[in-house]
Every structure is written in C-alpha cells, then in structure tokens.
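Working from the sequences, and respecting the hints, build out all of it.
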Amino acid sequence: MKRKKIILSSKDLDKNLDQINDFLTKKGMAQIRGGNAASSSDWGSSNYAESTYVRRVIKTE
Amino acid sequence: MIINEIVLKVTNICNLNCSYCYVFNQADDSYKRDAPFMSEETMIFVIKRIYEHCKTKNIESFLIIFHGGEPLLLQKNSYIKFRHFCQEFAPGIEIRLALQTNGTLLSEEWIALFKELDISVGVSLDGTESATKNRIFRSTNKNAYSAIIKGINLLHKNDYPVNILSVINPEENPTEIYHHLKENNISFVDFLFPDETFENRKMNNSDISNWLIQIFDLWDNDYSANKPMIRTFEIIMGLILGVERGNEMFGSKLNKTVCIKPNGNIQAVDNLMVCGNEFTKTKYSVLNNTIDQAIEDPLIKRYYYSHSDRELGYKCQACIIKRICGGGHLAHRYSSKNGFDNPSAYCSDIFKLVMHIQNKLIDEMPSSLTNQIGIQKITLNDCSIKG
Chain H
1 MKRKKIILSS
11 KDLDKNLDQI
21 NDFLTKKGMA
31 QIRGGNAASS
41 SDWGSSNYAE
51 STYVRRVIKT
61 E
Chain R
1 MIINEIVLKV
11 TNICNLNCSY
21 CYVFNQADDS
31 YKRDAPFMSE
41 ETMIFVIKRI
51 YEHCKTKNIE
61 SFLIIFHGGE
71 PLLLQKNSYI
81 KFRHFCQEFA
91 PGIEIRLALQ
101 TNGTLLSEEW
111 IALFKELDIS
121 VGVSLDGTES
131 ATKNRIFRST
141 NKNAYSAIIK
151 GINLLHKNDY
161 PVNILSVINP
171 EENPTEIYHH
181 LKENNISFVD
191 FLFPDETFEN
201 RKMNNSDISN
211 WLIQIFDLWD
221 NDYSANKPMI
231 RTFEIIMGLI
241 LGVERGNEMF
251 GSKLNKTVCI
261 KPNGNIQAVD
271 NLMVCGNEFT
281 KTKYSVLNNT
291 IDQAIEDPLI
301 KRYYYSHSDR
311 ELGYKCQACI
321 IKRICGGGHL
331 AHRYSSKNGF
341 DNPSAYCSDI
351 FKLVMHIQNK
361 LIDEMPSSLT
371 NQIGIQKITL
381 NDCSIKG
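Protein chains in written order, with this note's numbering: chain H, 1 to 61; chain R, 1 to 387.
Just so you know, these hints were derived from the structure itself, not from any lab.
Please read all numbers here as calculations on a predicted model, not as lab measurements.
Warning: the hint list may mix true and false statements.
These stretches of chain H come out as covered by chain R in the derived footprint (C-beta under 8 angstroms, 3 or more residues) [unchecked claim]: (1) 4-14; (2) 25-33; (3) 45-54.
By construction, the Cβ of each residue, glycine as well, lies at the ideal position given by its N, Cα and C atoms.
The following block contains the structure:
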C-alpha cells in the first residue's frame, strides 16, 4: 500500500516557495526559506525547549 | 557528535517554588548536594571547553543559555565577567547568550545589562493569575503573578523583546490564556508539555491536545497585527511544509545540547531529571574533561540521537508522522519497566495535534497549491500506535 504523502520534500518546497509564503504571510505567520536555507536554522530558535532564544531577523523598510 | 548549545545552570537556588519544577519538586534532589552558584573558575573552564570543542569541530557560532534555579540570583558582575571571559578565552567564536528567568527580579539595571551584553531574555509565565497559582514565592507563599507581569512590563518599557514560556495546564481556559498573552503584547511564546514520564503521569490522554488545538484555532484565525509567534505551531507547520525545523520536542534534528551544572558537571539536559534521582549525573566535569569526552556518556548520546531511528522504538519508526514528532521529548518516553523504549507518554496528544494542524493547513490553502504539492489529510487510523 502506498504511504500517504504528509510532508513536502525540499524539492516541492523550492518549487512552490512563493505560493507557500504568500499563504503564510496572509495568515500573519513567519515566512519560510527554501534551498539550502531550508535545512539550516531558518529562524534560529534554541534546540532546548526551555529557552526562548530566537535569532530575530530585523525587518527593514 | 557536535554540540552547539549549552544549558548553563549558573545557580541551583530559586526564589520561587513551582509545583511542577523538575529541579526541586520531582524525582531528583541533587540540588541539595550541588554548589549553589557557579564559580568564576568554573565559568572560565566552561568557556575554554566550548572553545576547544568549537575549534575541533569547526563550529563558528555557539549558544549559551543561562538557566537555574533563578539565574538573576547571580550577581550582575558575574555576567559582565562572563562576557569578558568569552572574549578572552573563546576568540573568534560567535558566542550568543540567552537567559531564562521567572521575571520577578527584573529591574531597569538588569535590562540595561542585557542590552550591554547582548543577552536574549525569556520569561516563564504560565498565563493569567489563576494559571500562576502553582508558582509561589518561597519566602511568603504568595502567588508570583504580579511580580512576573511587572517584570514583563519593564521589558516592554525598555523596548526589549518579550519571549514567554508557558507550561500547559489543561485546567485553565485556553481562550483566556491566549487573550492574556495578547493583552500583554507578547511577541513570542511557546507552550511546554509538563515534564511527565509513564511513572508520574497526571494528565489524561487528550488533555493536552484538546487544550493546544483550541489555542491553535484561536491563533490560526487571528489576523491582528500583534499575533504572537507560537514556536510549537510554527515548528510543526514548517516541518509539514518541508523545512527541517525542530527542537528537542519535535522534528528529526539532532539534539546538539548539553547541560552544565553549577559544580561543572557535564550532563544530559536537565528536564531528564524527571526520570529519577541523579538520573542525569555523569562522571564528566568541565574541570577535568573535554566536551568530546563527556558526549560519550550514554544518556547524552541517547538524547543527542533521540529523534533518530537508532533511538526510536519500532512503533515510532513505523509511524506516519515520525518526521514531524520525532518521538517527542526523550524524557516523556521513560518508564522504569522499559527505559526509553516506549512511544511518548504524550503520543496520542501529539498525533491529534499534528493531525489537526495538517488537516487545517490543507483546508485553508488554495486548492491550486494543495493540488500541486500533493500533501494529504491524516486520520486517527493512520496512527501506528494504538491506545
């Protein structure tokens, strides 16, 4: 039996990144990055759950 | 194995007494025997060990999280010296500093110091005054809520980012908790699962998922300008959308974190203390050992790989959401009968939460996009772990 597809591959993500980010922005959620950045820490949160460290991206006008 | 994050227990003393605290009120009582504060000598050893590890493993950036007890019980001068030690003993390494506090001791002076030393601050706040009833001052037994809110307001007044950690209490109304966070202009929050093993379980199945799903729906339908970032939800959504996000609770990344106690003992992270008395204690100390030696400790290693197949039980390995939940937190898998060879005590809660987010995401995305990316809804029948 074919297993359900429940998560995107990085290839799918890269192909549809603009549309996905458009959807997330409309929802007021953080955007995501594709390519190599998808596997790096895209918003730099700590691994330890009992810390709130976030490397913030400063928005510039 | 690469470590790029250390939880630095700078003190074992706390001015609050929280009913769920794994340092003081669960299976471990090592705080009675450990040094109350980390000495300057130990701090220097910590930084030298980090530098050594970074050089050996080619690491350019390292996160140190000041934790306790209550880290603001340490003298301000110790933090100034610590930053100075970083510059002196770890040249060329980007050392990022974070601190998790109960917020009750925050002052203008502390905030000025955080700015000066570039320390990211997180405050632990479980929600409304009612939700804070489990957190009382040791000296007076009074609810700590007002003092915590005062600390948060000081951070706001000084334009310092306010990041919040809340331990979930399903008895509290999630709508009130969410609105309370918004009223207090919280920009970042994470809701923590109470640290429970199979032995000390107090929650019933679905308590946590029902609560979190209500929060998710409020958040999902919130289009306001001050919508907070909720880490757990953003991690799960990111994972569904193909981003390799994660932390010790979710995802399939390696847990590149160790904990260092005030006496310099290098251990697995301290929330594993809920598994038993002195459960995390090792023979390794920064005074005598390198980080590379310490990560040979079996528990540190197990935690490091806890989202990988080598540490997941066969039921988890077969599960459809394995890459999203990663088996949950290692501590929540523990039972004295099977050790860590269990699905999480929160398995059904995690499955229901992920299912809800997955299915809602698909419902809300434009159909052109869902057709293109081809992800599918999941049902409870897809869960390989029954019961």
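Hint by hint, here is what the structure shows:
For the segment 4-14 of chain H, the stated coverage by chain R holds: 9 residues have a C-beta nearer than 8 angstroms to a C-beta of that chain, and at least 3 were required. Three residues within the 8 angstroms Cβ limit are the bar, and the segment 25-33 of chain H against chain R gives 6, so the coverage statement holds. A stretch counts as covered by a chain when three or more of its residues have a beta carbon under 8 angstroms from one of that chain; for the segment 45-54 of chain H and chain R the count is 10, and the coverage holds.
In terms of the numbered hints stated before, the structure departs from none.
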